[in-house]
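Asks: One letter stands for each residue in the lines below.
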Amino acid sequence: MKFTLSWLKDHLDTDASLDEIVEALTMIGLEVEGVEDPGAKYAPFVIGHVLEARQHPNADRLRVCMVDTGTGAPIQVVCGAPNARTGLKGVFAPAGTHIPGTGIDLAVGTIRGVESHGMLCSERELELSNDHTGIIDLPEDAPVGTPYPAYAGLDDPVIDIAITPNRPDCLGVHGVARDLAAYGIGKMKDIRLPAIKGSFQSPIAVDLRFSEETANACPAFAGRYVRGLANGQSPGYVQKRLRAIGLRPINALVDITNYISYDRGRPLHVYDADKVEGVIHARLGKTGEKYLALDGRTYEADEAMCVIADDSGVLGFGGIMGGEDTGCTEATKNVFIESALFDPLRTAETGRRTGIISDARYRFERGVDPAFMLPGIELATQMVMDFCGGEPSDVVVAGKAPESDLIIDFPFAEVKRLSGLDLKPLEIKVILQSLGFWVSGAGDVVKVAVPSWRPDVHGKADLVEEVARIAGVNKIVPTPTPGLDGVARPVLTLNQTRTRRARRALAMRGMVEAVTWSFIAKSEAEAFGGGARELELANPISSEMSDMRPSLLAGLMLAAQRNADRGIGDVALFEVGQIYRGDKPKDQLTAATGIRRGTAGIMGSGRHWQGAAPVVDAFEAKADALALLEALGLNAGNVQIAASAPDWFHPGRSGTLQLGPQTILGHFGEIHPRVLDKLDVAGPMVGFELFLEMLPAPKAKATRAKPPFQATAFQAVRRDFAFVVERDVTAAAILRAARGVDKKLIVDASVFDLFEGASIGEGRKSVAIEVTLQPTDKTMTDEEIEAVAKKIVAAVVKTTGGTLRA
Amino acid sequence: MTELSSLENEILAAIAAAGDEAALEAVRVAALGKKGSVSERMKSLGAMSAEERKVWGPALNGLKDKIGTAIAERRTVLKEASLDARLAEERVDVTLPVRPGPADRGRIHPISQVMDEIAEIFADMGFRIAEGPDVETDYYNFTALNFPVGHPAREMHDTFFFHPDEAGERKLLRTHTSPVQIHTMEAEKPPIRVVIPGRTYRCDSDQTHTPMFHQLEGLVIDEQSHIGHMKWVLMEFCRAFFEVDHVEMRFRPSFFPFTEPSLEVDIRCDRRGNEIRFGEGDDWLEILGCGMVHPNVLRNCGLDPDRYQGYAWGMGIDRIAMLKYGMPDLRAFFDADVRWINHYGFRPLDLPTLAGGLSG
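Line by line, the protein sequences give chains A and B.
So the first sequence is numbered by the numbering used here: it starts at -9 and just counts up by one.
So the second sequence is numbered by the numbering used here: it starts at 409 and just counts up by one.
Since the hints were derived computationally from the structure, they do not count as laboratory data.
Errors might be hidden in some of the hints.
Stated by the list, open to error - Capping the alpha-carbon separation at 25 Å, the derived lysine to aspartate or glutamate pairs in DMTMM-like fashion look like this:
id: 1; chain 1: B; residue 1: Lys597; chain 2: A; residue 2: Asp475
id: 2; chain 1: A; residue 1: Lys512; chain 2: B; residue 2: Asp743
id: 3; chain 1: A; residue 1: Lys(-8); chain 2: B; residue 2: Asp630
id: 4; chain 1: A; residue 1: Lys576; chain 2: B; residue 2: Glu574
id: 5; chain 1: A; residue 1: Lys668; chain 2: B; residue 2: Asp614
id: 6; chain 1: A; residue 1: Lys(-8); chain 2: B; residue 2: Glu418
id: 7; chain 1: A; residue 1: Lys465; chain 2: B; residue 2: Asp653
id: 8; chain 1: A; residue 1: Lys465; chain 2: B; residue 2: Asp674
id: 9; chain 1: A; residue 1: Lys465; chain 2: B; residue 2: Asp630
id: 10; chain 1: A; residue 1: Lys574; chain 2: B; residue 2: Asp566
id: 11; chain 1: A; residue 1: Lys512; chain 2: B; residue 2: Asp614
id: 12; chain 1: A; residue 1: Lys689; chain 2: B; residue 2: Asp614
id: 13; chain 1: A; residue 1: Lys187; chain 2: A; residue 2: Asp264
id: 14; chain 1: A; residue 1: Lys576; chain 2: B; residue 2: Glu539
id: 15; chain 1: A; residue 1: Lys512; chain 2: B; residue 2: Glu694
id: 16; chain 1: A; residue 1: Lys406; chain 2: B; residue 2: Asp653
id: 17; chain 1: A; residue 1: Lys576; chain 2: B; residue 2: Glu577
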């Protein structure tokens, strides 16, 4: 909402400076988005009088002028303009002035031997027009020494305020003035809008044609005929103000409606009465009806839209935009002025569906003051008569403007309760009254009637806001919150703690945290088991962001590729964030996911004099996943590794981390080459994903004490075994068999060598394991050790079908 | 006796001349070995008279000790020299670069770091952290928060919608973290003191807007909290978060459907290029919106607005991160450019704590 300072002062009697007004607007909730002071750049320019213009002694085309600027001795200026002459009144710029049209900072100069202490300016030099044929030639009565911007009316600052959707009353300058007056910035001017008596009956009747259920689409419609007028240009001040707020003056009749829209927040429409056929009426549209709107486009109505029509058909959408065919032109002689009320919701809906953006729609969908329907028509009539002449008819009205009957029981104590502001009842009462509320009753609880222009005020809290913003929210004293009872308690949930730990744990492994979009392309979602319709956006911002992600892998892989495209191919990225398996709250899980590309292993990437980093493999991803599980409080040794994983992993180089088949903690492995292709991403790439909600919660413990440390006095014994087994036999099966022999005695079993080669036969491999025996009560004898070793061999052979390697 | 003294000179010279431990051992054997020159002479003591033995005994024993000491000393010298030689041989070029360890390479994204900082501050003020789903219903995102159907305030939210289901209901991506206010008030009774960080979405994309961003919601419901309390909490937060001695904040009236009265908050700062200083200068920077929870919102959650009251606020996490750490472009947050994250990100052990200072 834009207006100029002089416009505001039509409604508000104030001596406040522009800065004070701007500050006040912001502090009462009408946030100033910008102030443009068009006069600022013209400030140094004054009206000068050329007392004498004589020929330059050394140049035919130049004159030496003595200019009176109203401040003592005349100033000598060398001027090249053909119209520079004795007696001329022009616009003078002293040395030091920045000339907007040329961008030059004026200095004292010597031109062909004669000093020049300033300049007489052309319109182009002032950026007023492109005219540079001569200097500005002002009327003889122009007051010498007066600042030119004030003289020319170039100094009316334009204020742009942001109006929140709850304040339709401030979509007119009048309402803004009311708020400022309440705040103490001046006094409202008493502007009377007396009813103008019509001299004849309107030849055009108005009618509302709605069913009872849809009558609220247009509860009231008023109009007036004005005949015998002459439509021309509107007066200079109207044009100047409209231009200042970014509107193009068209003709007096159109300008009047635009002006009142901004002056009073009251949209109007003026029809060329000679183009109207029969009764002007409001009704719901009929499917298929069309009209050519003032924006030059044709719109189609339907049964949900409120239209204004005559016998020939639709003239416009009610409260949104009139039609071209009945619009006013220079030739218009007789007009019909419309001032009506339209339902905000229906207006908003019609506006949305047609895409029409207009000042009228903007106001009606926020709520236009119903009580100003008739004053609005009087104001318009007066302006039409003032600008165009003509003779007005009686006002014709169909329907009735609804009257506000909202009265709020308001305890003064409510102000203190909600805002913390300590105000006296009288102060509260004065503020409400200054905003147009009626306050009646004595005592602690009063009755407050809400003015017709405040559709946003419904209850006590709204009144507190009114009081607080006018009393000044900066007066509310910051008040410490009642303190805590002692040392703050931990507040994070298990999942929150795990999310935080996961990030730090993965960063500790040399990975860099990415935050990628929650939505990805449909094809990408499908590649990771997603793409269901319930997770597809109906209005995505682009096809690359159309579906909620089922996995963080896609986003990370694409990110890795973007980095590779920038020349950084070896990247290790992770993200801890939400994934979606459905559209219910429980379907949203937290995934901790990482990828490594190229040679970005935990020990570093690329070449190095101590040895180049190897290309990442599935075990790198497995190590990340297990380390993360440990960091999150699980014993990685208890996690089962199943040699299978979802389709987006390499079928032979991937695994699933689980606690039994029902509790899938996550997956790891090499990314499937087909998926790399599908995402247009180059490998090698490995990754893992863990689902934090699937991790079991730790058992609640009564105390923080750890179990007692038990150091054994007896030395552990290590024995090595090598088994030749079929290639498909897993290391896990061998180790499990070995450990199973004596779970108490055997504290560790690990693989220290793996060999595949012709010497042990096709399809076979040799797996060498080290088993650690830890006696707890005595040192083991050789015989005892031998007995356990035999059992181990027997167990492994039995479960794996392998043999002890000779 | 002269003979003995010349033997002594001879042996000591041989010891001094021994270039390594092997040569020294040879000298030792030649002198003190079973058939060594000194040993042979010791053997001859037995054949001597008591008088002679009195003279030769001490002399020979003295010689033996002297030689032993000389050999031991020489051995030490030779050992040191050979160690020095070995060490000289073992010299490496210590200027050769080493690989940085994983903890030096890992980075935490500024968003995560700032979320941890926020949690640290609000946990100290007794706030819990609540969360909620990104995929929401119209009811939780709008209706329960007092956005009337068809109201222009809904339009301002540029909502992402999903397709309507069989019942005609269409889910949406939450446009703010405020739906979690409703979930929280439905799930628990006052007093409530929570902050709600999370991802939010609006279909808007330009220099300063991304379709996804992060918000921090706050909600306090009890029987006495008013705007004064809210001001204090927000000022304390900003002071602690921006790690300055004082901040100056300007509260101005505004409008949000779910608060009444509603306020927007600016913070005083001085902007010079990329650097922002808080608590000084002439610029006011908008950082959050807040207000007293609207009576209709309380009613929608089954709370009596004449008994319960409280405040709520919402601020952009990305925005306060940008302000604090000087990142100029929001879009870069979601690009995963490792150069950017290496530059603006945090090291894994940069754990924000109140005891140690949020940013160390």
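Asks: Going through the numbered hints above, which ones does this structure break? Give me the numbers in ascending order.
Replies: Of the numbered hints given earlier, those the structure breaks are 3, 5, 6, 12, 15 and 16, listed in rising order.
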